[in-house]
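K.L.:
Okay, here's what each chain looks like letter by letter:
There are 2 protein chains.
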Amino acid sequence: MPTIKNNIHSITAFAPATCANVAVGFDILGFAFEEVGDYVTLTLREDNMISITTITSAESLPLDVDKNTASFVIQRICEDLALKVGFSIQIQKGIPVSSGMGGSAASAVAALVAFNGFLDEPLSQAELVRYALFGEELASGQAHPDNIVPCIYGGLTLIHSTVPLEVINLPVPNIFCVLIHPHLQVSTNDARKILQDKVSLKDHIKQSANLAAFIAALYEKNLELMKKVLTDILIEPQRAQFVPGFYKAKIAALKAGALGASFSGSGPSMFAFAKEKNVALTIAEAMQTELKIENINSDLWISRIGHEAAHITQIR
Amino acid sequence: MPTIKNNIHSITAFAPATCANVAVGFDILGFAFEEVGDYVTLTLREDNMISITTITSAESLPLDVDKNTASFVIQRICEDLALKVGFSIQIQKGIPVSSGMGGSAASAVAALVAFNGFLDEPLSQAELVRYALFGEELASGQAHPDNIVPCIYGGLTLIHSTVPLEVINLPVPNIFCVLIHPHLQVSTNDARKILQDKVSLKDHIKQSANLAAFIAALYEKNLELMKKVLTDILIEPQRAQFVPGFYKAKIAALKAGALGASFSGSGPSMFAFAKEKNVALTIAEAMQTELKIENINSDLWISRIGHEAAHITQIR
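So the sequence lines, in the order shown, correspond to chains A and B. Note that the numbering used here has the first sequence beginning at 38, numbered continuously upward. Note that the numbering used here has the second sequence beginning at 38, numbered continuously upward.
Bound-form chain A, shown alone (with noise of 0.2 Å):
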């Protein structure tokens, strides 16, 4: 069993957000942004109490122990190695909450990234997937890696098994993500439970060819394929819903020359992808008056795809 280490006082670990489904690979595709995302503060306490101490720029978000991803994980692993250890809590949230940009799995994934920083035998990435599936479990009902995964291990993942927890390190494309968070909540929960628990199976195969086709895009390095078939035909037309204007912004983000724009994760968020940083410019400013037009302000991110995985930024 790990042990805590003796000369560490505090750690603080980064988290990316994280775009989940990425149009064609619902549950099982994700990428890491760059720079957007989560820092969590683990201070060691002389008792062995865990608290939350302070929650910057996340007004909502509660501070009881129990229902915040960050220390709901913690708790969980010093129970399960039974270690005698107390923590303060920090979080300095970079993700607007229920925005679809992976926040909860950030949160949870920054702790057990510091966490793991104080114990002698690192856990393995696997594991800290593991425990952060208990903070999204927390966070929505559903135990879904589908943010996690990219955020633990950094640039675009596909997650081919669950059980194990198999997964695939993908070619990351050098193009730019523009990142729009409209400002509506749409809980993760709600935006599952409309889905239809059927496919048809044409729908089935166009789908796959278009993921297929989009693997292969990535590996032969073929922007213009990858064009051509990143378009959701299954879960998008089921959600599009919650955001009044969407397809006017998906449809303004193309013409502006976007290689694919869909949901991130349940949304309310969209990414686009552009090959240059000025045409994300004007991506952005596309999709983000067509939602005006709707009333709907929304805040705006552009980014590479982020290599980097969650890591610990100081030790103290």
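Where hints are given, some of them may not hold.
As the list makes no split between identical chains, a pair holds if one copy fits it or if it spans any two.
Straight-line Cα separation of at most 25 Å, PhoX-like style, residue types lysine-lysine; simulated pairs [as the list claims (entries may be wrong)]:
| # | residue 1 | residue 2 |
| --- | --- | --- |
| 1 | K239 | K130 |
| 2 | K243 | K230 |
| 3 | K258 | K292 |
If you're looking for bench data, these hints aren't it; they were derived computationally from the structure.
Mind docking chain B on chain A? Use the hints.
P.N.:
Using the frame of chain A, we list chain B on its own:
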């Protein structure tokens, strides 16, 4: 409009047997075998008639030009191009009838490739596919390109769009393919009719994950990964009923070291992949033994995945 060159008397073309679906890519993946296939010879006639003079090794096939895929597509293309020309057609079948090895496609494709050799302006691959589809419609009532495409493009192919036709030649793994043809006839039509027209979302996700990982495995040349993911959870369970002993033969193949095994196309033929030729032989023997227990005799081929597309073998 193309016209017939005036210095050619007769052309023979070869078209390979093909395996459609490849476990994880129903209706979209397929590959060509090496050597196994049909030969079709087109010989110019003085009149403008099209006739079949001989069909070798397949007594059950009709000599009626309206019922054979080879003559049917030649009639059609001559009409469309308004060519006043006649051909005697000789067909040498290397592919058993109704075996799931793409026999109807191969005869049509070989005829079209031979015909194309007579033209001063040859038709494109996509045009050849379009005409070969008329043959598939004749043979099975449905115009599916899943055997035609690997037959015309060679290697391992992904059809990512049918209208317009868009094909990717995937990396061909350096492996051996076992092909077992149980002496049972399963019509493509029957094998398609029994398929459920809906797929559960859960199964769609699982099959998609396997497909995506299979594509990654091809590019990564990762045979261990291929072995983990080359599994059909959607279609195979519905078609296993057509071949008594199917699962026993499949399990025997996997125990003998196969990287994966499933139906070739709609069956009854089965394919299995092997790293080495001697392993392929052991797999083949194990599969044939299981079928024999069910009183089913079978033919056997061991082949690499054929890089070569259908092609002309003789011009006189």
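K.L.:
Against this structure, judge whether each hint is valid.
P.N.:
Status of the hints after comparison with the structure:
Taking identical chains as interchangeable, the C-alpha atoms of K239 and K130 are never at most 25 Å apart, the minima being 42 Å within one chain and 33 Å between chains. For the homomeric pair K243 and K230, the shortest alpha-carbon distances inside one copy (23 Å) and between copies (19 Å) are both at most 25 Å. In this assembly of identical chains, K258 and K292 lie within 25 Å of each other by CA distance solely inside one copy; the values are 22 Å within and 37 Å between copies.
Checked against the numbered hints given earlier, the structure breaks only hint 1 and satisfies all the rest.
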